[in-house]
Amino acid sequence: GQQLNQSPQSMFIQEGEDVSMNCTSSSIFNTWLWYKQEPGEGPVLLIALYKAGELTSNGRLTAQFGITRKDSFLNISASIPSDVGIYFCAGQLVGSQGNLIFGKGTKLSVKP
Amino acid sequence: EAGVAQSPRYKIIEKRQSVAFWCNPISGHATLYWYQQILGQGPKLLIQFQNNGVVDDSQLPKDRFSAERLKGVDSTLKIQPAKLEDSAVYLCASSYGTDTQYFGPGTRLTVL
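Read top to bottom, the protein sequences are chains A and B.
Taking my numbering, the leading residue of the first sequence gets 694, the next gets one more, and so forth.
Taking my numbering, the leading residue of the second sequence gets 1162, the next gets one more, and so forth.
The set of hints was computed from the structure by calculation and includes no laboratory data.
Every value quoted in this text rests on a predicted model; they were computed, and no experiment measured them.
Some clues are possibly wrong.
To be verified - Here are the simulated BS3-like cross-link-like pairs (lysine-lysine), alpha carbons at most 27 Å apart as the crow flies:
id : chain 1 : residue 1 : chain 2 : residue 2
1  : B       : Lys-1223  : B       : Lys-1205
2  : B       : Lys-1244  : B       : Lys-1172
3  : B       : Lys-1232  : B       : Lys-1205
4  : A       : Lys-744   : A       : Lys-763
5  : B       : Lys-1244  : B       : Lys-1223
6  : B       : Lys-1239  : A       : Lys-797
7  : B       : Lys-1172  : A       : Lys-800
8  : A       : Lys-763   : A       : Lys-800
9  : A       : Lys-797   : B       : Lys-1232
10 : B       : Lys-1176  : B       : Lys-1205
11 : B       : Lys-1239  : B       : Lys-1205
12 : B       : Lys-1205  : A       : Lys-763
13 : A       : Lys-797   : B       : Lys-1244
14 : A       : Lys-744   : A       : Lys-797
15 : B       : Lys-1176  : B       : Lys-1223
16 : B       : Lys-1244  : B       : Lys-1176
17 : B       : Lys-1205  : B       : Lys-1244
18 : A       : Lys-763   : A       : Lys-797
19 : B       : Lys-1172  : A       : Lys-744
20 : B       : Lys-1205  : B       : Lys-1172
21 : B       : Lys-1172  : B       : Lys-1239
22 : B       : Lys-1223  : B       : Lys-1172
23 : B       : Lys-1223  : A       : Lys-797
24 : B       : Lys-1232  : B       : Lys-1176
25 : B       : Lys-1205  : A       : Lys-797
26 : B       : Lys-1239  : B       : Lys-1223
27 : A       : Lys-800   : B       : Lys-1205
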């Protein structure tokens, strides 16, 4: 099946540092989404991107939909301890009926 | 607004036993999804319903998994008989159409 390559797999950072993670694919997507999942909970939507080149912010989070429509990145500025969790990218393929394909996640650890 | 509800939250069974999970989507959401999330992976779509009809069940192992959404609201996912490799978190999500998906907390299944 289709796969999203998400990197890095894990990150250990100091509080206050900026974070960057990305997803790439060999397929074209018409929607890119970024979710955060905490232990024992379902994924929670952070940012949704619908157009190539779109740059969207949500507080300290910024995400972009790649021009080629095959990639996306998420940046977190000035990280805080509550940013800890697993971040997933997800995409909807062109022509799909809502089916989301997820990356394997980036596990973020923040040291106070 | 109430979120997606799932029960039970945890279930431990022995292999070859049967198990069922329940999901109540957000009120008014016509589309309902069941995902399987194996430890260390992103969620993988098992089945998608639009009202009470199946839109996509291409990744559902139909020899042992079944799902229904009889009245277009609640849904149940059943595994019969369970195998060790079915140990995972089963996530239910809903959306108004095919746009933003909202996830429930999931059911963690352990097969011994």
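Going straight from one Cα to the other, do Lys-1239/B and Lys-1205/B come out at no more than 27 Å?
-> Since the Cα atoms of Lys-1239/B and Lys-1205/B sit roughly 16 Å apart, the hinted pair holds (cutoff 27 Å).
Is the Cα-Cα distance between Lys-1239/B and Lys-1223/B 27 Å or less?
-> Holds. Lys-1239/B to Lys-1223/B sits at ~10 Å (cutoff 27 Å).
Restraint status (C-alpha distance of Lys-1205/B to Lys-797/A at most 27 Å) = holds (10 Å)
Please work out if Lys-1239/B and Lys-797/A have their alpha carbons no farther apart than 27 Å.
-> Holds - the C-alpha atoms of Lys-797/A and Lys-1239/B are around 25 Å apart, at most 27 Å.
Hey, Lys-1172/B versus Lys-1239/B, does the alpha-carbon distance stay inside 27 Å?
-> holds (13 Å)
Quick one, are Lys-763/A and Lys-800/A close enough, alpha carbons at most 27 Å?
-> Given that 27 Å is the threshold and the Cα spacing comes to 22 Å, the pair holds.
Is the Cα-Cα distance between Lys-1205/B and Lys-763/A 27 Å or less?
-> holds (19 Å)
Is the straight-line distance between the alpha-carbon of Lys-1223/B and that of Lys-797/A 27 Å or less?
-> holds (25 Å)
Are the Cα atoms of Lys-744/A and Lys-763/A separated by 27 Å or less?
-> With a Cα-Cα distance of about 12 Å, the restraint between Lys-744/A and Lys-763/A holds, given a limit of 27 Å.
Is the straight-line distance between the alpha-carbon of Lys-1223/B and that of Lys-1205/B 27 Å or less?
-> holds (15 Å)
CA of Lys-1172/B to CA of Lys-744/A, is that 27 Å or under?
-> violated (41 Å)
Do the alpha carbons of Lys-1223/B and Lys-1172/B lie within 27 Å of each other, as the hint requires?
-> Holds: Lys-1223/B and Lys-1172/B sit about 21 Å apart, inside 27 Å.
Violated hints, in rising order: 9, 19 and 24; the structure is consistent with all others.
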